[in-house]
Amino acid sequence: MHKRIYVVFIVFVLGFMAVIARLFYWQILSFDRLKGIADDQTVHASSIYAKRGRIFSSDGAAIVMNRKGYMVFVEKDKIKNQTDLIKSLSGVLTIPESTLSGKLSNSLSNWTPLVNKISEDKIKKLESSTIPGLGFLEESNRYYPEGSMAANIIGFVGKNSKGLDQGYFGLEGFYDEQLRGRDGMIKQEKDAIGNPILLEKMSELPSEDGRDLYLTIDKTVQYIAEAKLKESIEEYQAKGGTVTIMEPQTGAILGMVSYPSYDPTDYGNYPAEFYINSVVGSSYEPGSTFKVLVMAAAINEGVLTPDTTYNEDGPVNIGGYTIRTWNNQYNGPYTSMTDVLVHSSNVGMVFAQSKLGGEKLLSYIKNLGFGENTDIDLQDESSPAIRSGREWRQIDFATASFGQGIAVTPLQMVRAVASIANGGKLVKPYLVKKIKLSNGREIEMKPTVIRTVFKKETATKIAQIMVHAVDDGEAHRLKPAGFNIAGKTGTAQIPIAGHYDPTKTIASFVGFAPVDNPKFIMLVTINEPSTSQWGSETAAPTFFNIAKELFSYYGISPSSGG
Amino acid sequence: MEYTAQYYRHNNASLGRKKFILINSILVCLIIGLSVLQVIILNHDSTSGEKLTLLNREINKYSAEIVDLDQEIASFSALSSVSQKASESGFLSNTQLVTLTTESPLAYKTR
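So the sequence lines, in the order shown, correspond to chains E and Z. Residue numbers are given in the UniProt record's numbering: position 380 of the first sequence equals residue 380, and the series is strictly consecutive. Residue numbers are given in the UniProt record's numbering: position 53 of the second sequence equals residue 53, and the series is strictly consecutive.
The following block holds chain Z by itself, in its conformation from the complex (with noise of 0.2 Å):
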């Protein structure tokens, strides 16, 4: 009885120490993995910096070639561009108003 007791407290507290390093160890690697995983993505977002700017820099590329690209619609469709052009093909403005003033009769009544 006596020796069935104390086996048993021998092996709770060698339970107990291996608990306590297995918890120990978990903690430990665990401190370990995250400070690498800061490292690391420390080291991505420090160069993701040089990333963004080069982004920033494209939108800015693009969006001056939209406003330029607007401007030339623009130009070209300006009616003094539209108008010199149309003169230098040959075509002429026509102010001559044309219009039919009645309707004509299907056929004129005769005797």
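So that you can see chain E by itself, here it is in the shape it has in the complex (with noise of 0.2 Å):
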């Protein structure tokens, strides 16, 4: 009897020992790998999306927002018929057959994604068809309140090689990673039907997003220019143009208009060379626009005076080149510099950079900001190079001193006119006025002036001699009554193939108002304009009618201006 007891126990122990065994074996040494299963079947892990900056005017209107968008994909082991769905998708979302079957050729794997950034209501006509094998993620996508106004300041959002969204161009590629924030991270225990099970530990790793831009762009400021500037492409059949439109005292960018344009929404469907900003990433010669400031440069180193006058008698030899003015005729002796300005003589700047000198010429043009970027807060910003010391022969300061032979960006060129407007300073131009952080924080920017390149009077004469000029010179009849405004022609060859073409010109006017305290420096470029080659009957035409509606917008009235 005792010995079936024993035999019973025994059995119980090692039955006990076993379950032991293996529980030790599922709770101890196996309890990683099976805590990892374990949470793979219960335990959620989910992003916490950062929603992209937005992008504000200087009066607070969003110019840029964000909204749903959907990503299209297909998962091509569902496909019933292939032709079918790509025939629905091309017709629907507006994307060439071949493209949309070229993707899915080239694919590798079963989940295809085809396009980005699809607007809920074309979703909505693809849900409609329910065709096999199309599916459809919720993304991201930037709105744009004023349609393309402004594009190639804001330029756009696309997929970087990670598919992830990258800004790319303008204030969305600078700003990149402040716009974009940091997404973040929620891990959370489920149940069966996917409902958190509350008493479960969860952990939270917050997303922050990306920072707001507010701009110093004015938005009024900015579609005045536009509707100008494009009213005159199409009146004289140019081929495209720019307006940049200044804080003189600032350098902060009130409109910067640059066309041809792109649609940001489509951008795909444009030109790669149209994303380019020409303000800041196009080089063109100035002509006469430079003479200002080499004229400034003369008379702030004493030795020129507006009332130096020199003997005009015809064209002048240099290195064996003729140098004439720009309509042949010549105002003899007592041709004073104000005089040179205002008849816009080439042969008048070549005397007043004899006078100044190589050397200093070369300085000014240094110091002007001409040769390096202005580190303005856009991407696409590049300077064209000027040539070293050593480089540059006689013929070369001479045609320097009426703006040929010398490449400059439009924005190089306004910043440095700025500088007769502002007293003699070179500021910093930016775009940005202040970034709001998604805490509320604000971080303002301050304006930057970089170094002085005038005496005060020296910019005071040399406005002066501008009045003149826009009173006086060639545009006068188009300039609005009672308003005193500082301004220059400037008409430019363009350079091909080692030769000026005397059919392609760049017509542009600068010129700032009122001229006792500058409200605004504007440049305007006409490029290969049709109708007229001169500055004067395209860029200066433009020039008053956007400075028209910008008195009017500001208040101004003449007698303000003097």
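If you are wondering where the hints come from, they were derived from the structure by calculation, not from laboratory data. Some clues are possibly wrong.
As the list claims (entries may be wrong) - Here are the simulated BS3-like cross-link-like pairs (lysine-lysine), alpha carbons at most 30 Å apart as the crow flies:
1. Z/Lys51 with E/Lys436
2. E/Lys68 with Z/Lys51
3. E/Lys548 with Z/Lys85
4. E/Lys124 with Z/Lys61
5. E/Lys68 with Z/Lys18
6. E/Lys117 with Z/Lys61
7. E/Lys159 with Z/Lys51
8. E/Lys35 with Z/Lys51
9. E/Lys519 with E/Lys230
10. E/Lys190 with Z/Lys51
Dock chain to chain to rebuild the complex, using the hints, since each chain is given by itself in its own frame.
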């Protein structure tokens, strides 16, 4: 009897030991592996996507916002009829069938993303046709309430090589890191039907939304400039053009237009060269607008005054090259430096440059910021190089004095002339005046003065000569009556394969107003106008048309201008 | 005397047993009570997950509505839209600048 009890006891003990051994294996030895499997089944990790920062104009109106968009994908193994699927997609999404077909056949995986940033309306159309194998994923999309306004300033958001959103060109490119923000993550246990189990642990890495940008761009000024430039380009049958409007005292950009432009919601359907903002990314020879800077340098150095006279009796010969005035007319003896600028005399500028000297001219060119980036907060800025001193011949100095043989960007040019408008200071142009963080903190951007280039008296003297150039120059009939505007026209031929094409020009006009206390400085360039090649007949009317609207908008009356 | 001592011993033992039973009863009641409470809370929280999901959905819905309304406001106040509506309503852009350059005297002096 006792023996049988012992046997049963030993069997039970062995049984328990087997259970304990198994439990030890599961709970101690295999703990990590089994916990991982259990967590996979119950713990759900989901990303909290950071919202991309918005962009506002100076009056606080949104010019770039976010809205819901969709990514369209296909699961190849579920497709019943590929031809039908491609036809339906092509019709709704307005993408060529060949593009969609190529994407499908080039993809090696079953799950193939086809297009991004599709609007809700189009998705509803696709959903109604219930195509097998087709799916949609929600994502964030950029929305532009003002349409394509300021597209060349803003840039666009596309996808990078990892398939993530990335800003390209303009502000989107320059401030991409700040606008992007940081995605977060939430881990939570969920029950079989996906509801969170509140008693279980939850871990959260909060997301940080992108920073909002507040621009110096005034959307009314931008709207006026865009509308007027477009009208002018159509009227003069030009290839393109730019308008740059800046506050001369601070360098704050009020408006910046580059034409041709593009629609940022549909950037893929435009040629890549349209993405470049010509104000900062293209160079041109400034022509006669450059004369005011060379004359300012000569007056600043004390080698000339506005009343200095010389004998303008005909063309001049420099190193075997003959330099003439634009209309081949000469004002004779007692031609003053004011007359030189009013009549835009190339010969007179050669005289002024000879008084200034080559080295001084080069040093002023560099001090005025030519040959280097202005460091504006735009991704696509590039600067044409200025040749080193040894490469300059006598004829190069002579032609540079009237703006030929030297390349600048429109922004460099407007900044340099702003130093005459603001009393001699070279300022740093900027577009973002405030960055707002997701926690509400604000970072204000302060205007920067880089250096003083001209004495205040020099700036005042040149400004007065520029007023004469407007009042008595070729464009005087276009000027709004009673206003005190300083300005200068420019017509530069375009260098092609080592020589200048006489039929192709870039016409320009730079000016500021009111002269006593300038509210704005503006440069207009018209690229290859067909109806007239002269700045006084194309760029100047555009300048005055915009200026008239700005006077009205800012409430500037003729009396306040003097 | 001996009777009294025996009485007290007996009485103490009886009191100790009663205390023991009382404490045990309280502990058992506490355990049962807390277990019932845990079951109630667990039941309550197991259905709150669903409520939380519904609340999150509501939050997302209203957030999306706010974004849509923001967009509508921005679209209607866009300059291109305002300008188009103004011209449709018959307004014209007036570029004629009218300004008073000098103050007029109260009365002109005549002889």
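Okay, the hints, checked on the actual structure:
| no. | hint | result |
| --- | --- | --- |
| 1 | Z/Lys51 with E/Lys436 | violated (35 Å) |
| 2 | E/Lys68 with Z/Lys51 | holds (25 Å) |
| 3 | E/Lys548 with Z/Lys85 | holds (23 Å) |
| 4 | E/Lys124 with Z/Lys61 | holds (18 Å) |
| 5 | E/Lys68 with Z/Lys18 | violated (72 Å) |
| 6 | E/Lys117 with Z/Lys61 | holds (20 Å) |
| 7 | E/Lys159 with Z/Lys51 | violated (37 Å) |
| 8 | E/Lys35 with Z/Lys51 | holds (28 Å) |
| 9 | E/Lys519 with E/Lys230 | holds (24 Å) |
| 10 | E/Lys190 with Z/Lys51 | holds (13 Å) |
Hint compliance for this structure: hints 1, 5, 7 are not met, and every other hint is.
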